[in-house]
Amino acid sequence: MSRRYIISFAVAALVVAGVVGVAASRAQGGTTLPSISPAALLAKAATAAKSPTPVSGDVAWTNGLIPGSDLTGLLGGQGSAPSSLAGLAMGGSGRLWVQPGSGVRLDVQGSGSDFVLVGGKSGVWTYSSATGTAVQYALPAGTGTSAPKPTASAVDPLAAITKGLQHFAATGTVAVTGDQTVAGRQSYVLTITPAAGITTTLGSVRVAIDGATYVPLQVQVFAKGDTTPTLSAGFTSVS
Amino acid sequence: MMLLSRELTKLFAQKRSYVGWAGLLLVPMLMTLALYLNRNNTHDHGPGGIISQAMHNGLLIPVAAITLLSAFLLPLLASMIGSYQLAGEAETGTIKTWLMHSISRGGVLASKWGVAVIYVAIGLVLVAVGGLVAGALAFGLHAPVLLSGQTVSIGAGLWLSLLSYLYVLVGVICVLSLALLFATFTNSSLTAAIAALVVVIVMNILGAFSYFNFLKPYLFTSHLDAWQGLLSQPIDWHPITTGLITFAIYIVALMGAAWYVFRRKDILV
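Residue numbers (my numbering), protein chains in the order written: chain A, 1 to 239; chain B, 1001 to 1269.
Chain A extracted, bound-state conformation (with noise of 0.2 Å):
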């Protein structure tokens, strides 16, 4: 009797390795990217969102400035979707499409229902199934006219977070701190520190960009001390 059982948990102990085996293999990247100077690759990435190539993929982001519940969902795989605008803050996931030069699309899915962002030139669009309603946010106005290439760049986000990179780059240091598997590509960490002589409780802000396509899959806020991101946002996969 007791020697079923054993063969019976020994099989399932089986199984449970293989996922956990399939799984890591399929997590870890093969190579190892050439070193680069953080210059280098600052230029390489900005290049790379001047001409820019639409990019789709899961992402994930998490906010630990705002306290959110520990339970994800009883009895259900999922959360519920957030139904305005709002609710992204408190982090989530979802899918992203992005089109540089015409638009964004965010689909968030919930138990239930889902909540979808539509960015363009003509504005913003959100739609909740869950309320069933869809809200039209109106850009500023004259930005149509006057000052057209900041909502482009502001429609872009990865065209923005390669622009904040470069800013932020001037006080603080800058460095290339190694390889790192971010959405299934080996992607060079950058990791920017606040100059000594500023007081501040920003620790470092690590982005992780593509080793072959110099884009950035994800922006990481550490507070000092803390090894645990209190900000981030990236992708998941990329296709």
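Please keep in mind that the hints were generated in silico from the structure rather than gathered at the bench.
Ideal Cβ placement from N, Cα and C applies to all residues, glycine included.
Don't take every hint at face value.
To give an idea of the interface, some chain A residues facing chain B are shown, with a C-beta separation under 8 Å as derived from the structure [said to hold, decoys possible]:
#, residue
1, Val-16
2, Ser-111
3, Gly-112
4, Asp-226
5, Thr-227
Please arrange chain B on chain A, whose structure you already have, making use of the hints.
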């Protein structure tokens, strides 16, 4: 095949089969009735999501019904039917007589599994057809609005509903296989059914807390909702394929273990 047809005869001859089916049929009916009677109440928008949208479109009633059922009633029925197949025979003392004939134990186990799958599939067909008929009578059939906001044709809506049901069926087969495995250990069908349900509920609770997020990909319960990706445009295939692979691994492992135990089990009663 002969074993399976015999099992089907037994299934249709038992009263308890019809109780489960009646319960499954009742859910979409009650839901439609509640939504229909509440249709003029403009202050109450219902529970939101698919169920609220079903208030305007009978086509969505089957999908709305499955969101309610997949959390508890379907796993319950699956573990009941899965455990009763083997342990029930032991309780009534018929399994000993049966296994004395020159039939393979693997074949017995496969036919038991097959008949349990057929039972759950018939239950799901009842939910879908019942919900569709009730929904059509109450609200009519219209081109459905997907969760992501797009409108698709009635045919596409029915096709997506069918795919959703097939996905849920595979998920429920996991619970059923779990119950069948437990039924090979014990001679009490209630014990096996409760054990399977306990495992499902523990998995649900582990999946509900963010601390155990690292476990989530390996629990089949956290994949049970992934069919909702079918209702977004473009379809979110990634969680669906992950879910199906997870279900397949569970089903093969559970049935493999059940076969190993049952093949050499001493039948004493």
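Hint check:
For Val-16 (chain A), the interface hint holds, the least distance from its beta-carbon to any beta-carbon of chain B being 6 Å, beneath 8 Å. Checking Ser-111 (chain A) against chain B by beta carbon gives a least distance of about 6 Å; that is within 8 Å, so the hint holds. Because the closest C-beta pair between Gly-112 (chain A) and chain B is about 3 Å apart, less than 8 Å, the hint holds. Taking 8 Å as the C-beta cut-off, the interface hint given for Asp-226 (chain A) is violated, the closest approach to chain B being about 18 Å.
Because the beta carbon of Thr-227 (chain A) sits about 17 Å from the nearest beta carbon in chain B, more than 8 Å, this interface hint is broken.
Hints 4, 5, counting from the list given before, are not met by this structure.
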